[in-house]
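Engineer: Below are the chains, spelled out letter by letter.
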Amino acid sequence: MSQEILDKVNAKLKEKFESGIEHAELPYDFATFTVSKEKIHEVLSFLKSDPDLNFHFLTDLTGFQTEDEKHLGVIYHLHNMVKNMRIRVKTFFPMSNPEIPSAVDIWAGANWMERETYDFYGVKFKGHPNLKRILNVDEMDIFPLRKEYPLEDQSRDDKSDKMFGR
Amino acid sequence: MGKEIIKRTKLEIAKSPEGLEGPGFFATKLDSVIGLARANSLWPLPFATSCCGIEFMATMASDYDLARFGAERLSFSPRQADMLMVMGTIAKKMGPTLRQVYEQMAEPKWVLSVGACASSGGIFDTYSVLQGIDRIIPVDVYVPGCPPRPEQILEGVMKIQELAKNESLRRRDSSEYKKLLNSYGIE
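If you're matching them up, the sequences are chains H and F in order.
Using the working numbering, the letters of the first sequence map in sequence onto residues 799 to 964.
Using the working numbering, the letters of the second sequence map in sequence onto residues 106 to 292.
Because the hints were derived from the structure by calculation, they are not lab data.
Backbone N, C-alpha and C fix where the C-beta goes; we use that ideal spot for every residue, glycine too.
Don't take every hint at face value.
Stated by the list, open to error - Dumping the calculated SDA-like pairs for lysine to any residue here, alpha-carbon to alpha-carbon at most 25 Å: (1) K120(F) - V138(F); (2) K214(F) - E292(F); (3) K284(F) - D955(H); (4) K198(F) - R944(H); (5) K960(H) - K120(F); (6) K197(F) - I228(F); (7) K957(H) - K284(F); (8) K198(F) - G920(H).
To be verified - Computed beta-carbon distance windows for the label pairs: (9) R173(F) - S958(H): 39 to 45 Å; (10) D936(H) - S155(F): 21 to 27 Å; (11) D866(H) - K284(F): 49 to 55 Å; (12) Y289(F) - D848(H): 56 to 62 Å; (13) W910(H) - K284(F): 42 to 48 Å; (14) F181(F) - A906(H): 34 to 40 Å; (15) S155(F) - S958(H): 52 to 58 Å; (16) K264(F) - S958(H): 27 to 33 Å; (17) K284(F) - A906(H): 50 to 56 Å; (18) A142(F) - R944(H): 54 to 60 Å.
What the hints assert, rightly or not - Short, incomplete list of chain H residues facing chain F, as computed with Cβ under 8 Å: (19) N934; (20) V935; (21) P942; (22) D951.
Assemble the whole structure, with the sequences as input and the hints as a guide.
Structural biologist: Encoded structure:
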């Protein structure tokens with residue numbers, strides 16, 4: 799089933815786009831596409847509007863950071879409930895310019911998810927109507943899930959190494 | 106058949122403060138009388154956010170029965186409450202709310218910080234959690250534990266009763282108290 803979905807969507811994408819589709823793979827038996835940052839909005843728009851594919855539901859949108867700490871990424875989980883098809887779309891971009899087009903104009907549900915991704919990873923979604931922090935305090939000046947920022951609260955002074963034999 | 110009903114007839118009333126006693130009169134300090142009344146009629150405001158709150162529910166219920174200490178009337182409005190009981194993890198985003206609740210309480214007021222999270226952030230040493238409510242409001246009694254048992258919470262309430270009993274009536278008007286509040290940026 800997953801293989802069929804992968805083949806079907808891949809064929810459609812290959813037919814429509816000459817470039818921009820970097821990978822099509824099946825990790826953990828789940829059709830996954832890697833799309834270049836430049837084409838991401840076009841591809842998502844096509845995946846939704848194409849009558850045959852019809853990925854009308856955005857299950858989830860989240861960010862991640864690569865292991866080498868040089869790239870950020872965004873993952874879209876799409877669902878076609880009519881045909882029970884699910885796919886995953888990934889895109890990567892360098893940390894120096896974390897800007898990608900917003901998907902709010904495609905799925906209104908992307909609004910809060912993009913705000914969350916901005917809140918934790920600092921991904922700037924171009925064209926988002928209200929891109930500000932959603933979960934953390936407004937005064938926060940870091941993007942806490944990026945590896946460059948420490949997880950622990952930095953205002954504590956009772957956790958000196960001496961106390962922990964370090 | 107059924108549980109044996111134990112009748113508890115041994116009643117204890119609050120001990121009267123020190124004073125001069127004679128036939129038909131009793132003289133003592135106003136401080137002591139007011140303190141006695143306050144200590145035995147504390148209205149708690151529960152600010153329960155997580156598992157410590159569940160322990161608090163047990164503390165309120167019949168087995169442990171906070172009512173024995175004159176504190177059965179929970180005040181869910183801060184205006185009428187005397188004792189703010191903070192039970193559970195306070196996220197940084199909730200900090201201003203907690204502070205506002207504290208500021209809305211009328212004097213005299215006491216604060217009981219229940220459990221590791223409210224007292225120090227506990228295991229949640231992370232960017233999103235307030236590392237102890239004493240960073241935003243003054244705390245009178247800390248109850249350790251993760252979560253503390255109802256007995257410990259009762260002990261904490263009894264400590265607050267002790268504070269209320271022995272507090273000078275002028276304390277809340279003193280410059281030291283104002284200084285304490287100012288150090289938290291209140292008023």
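Engineer: Quick check: which numbered hints come out false for this structure?
Structural biologist: 5, 7 and 15
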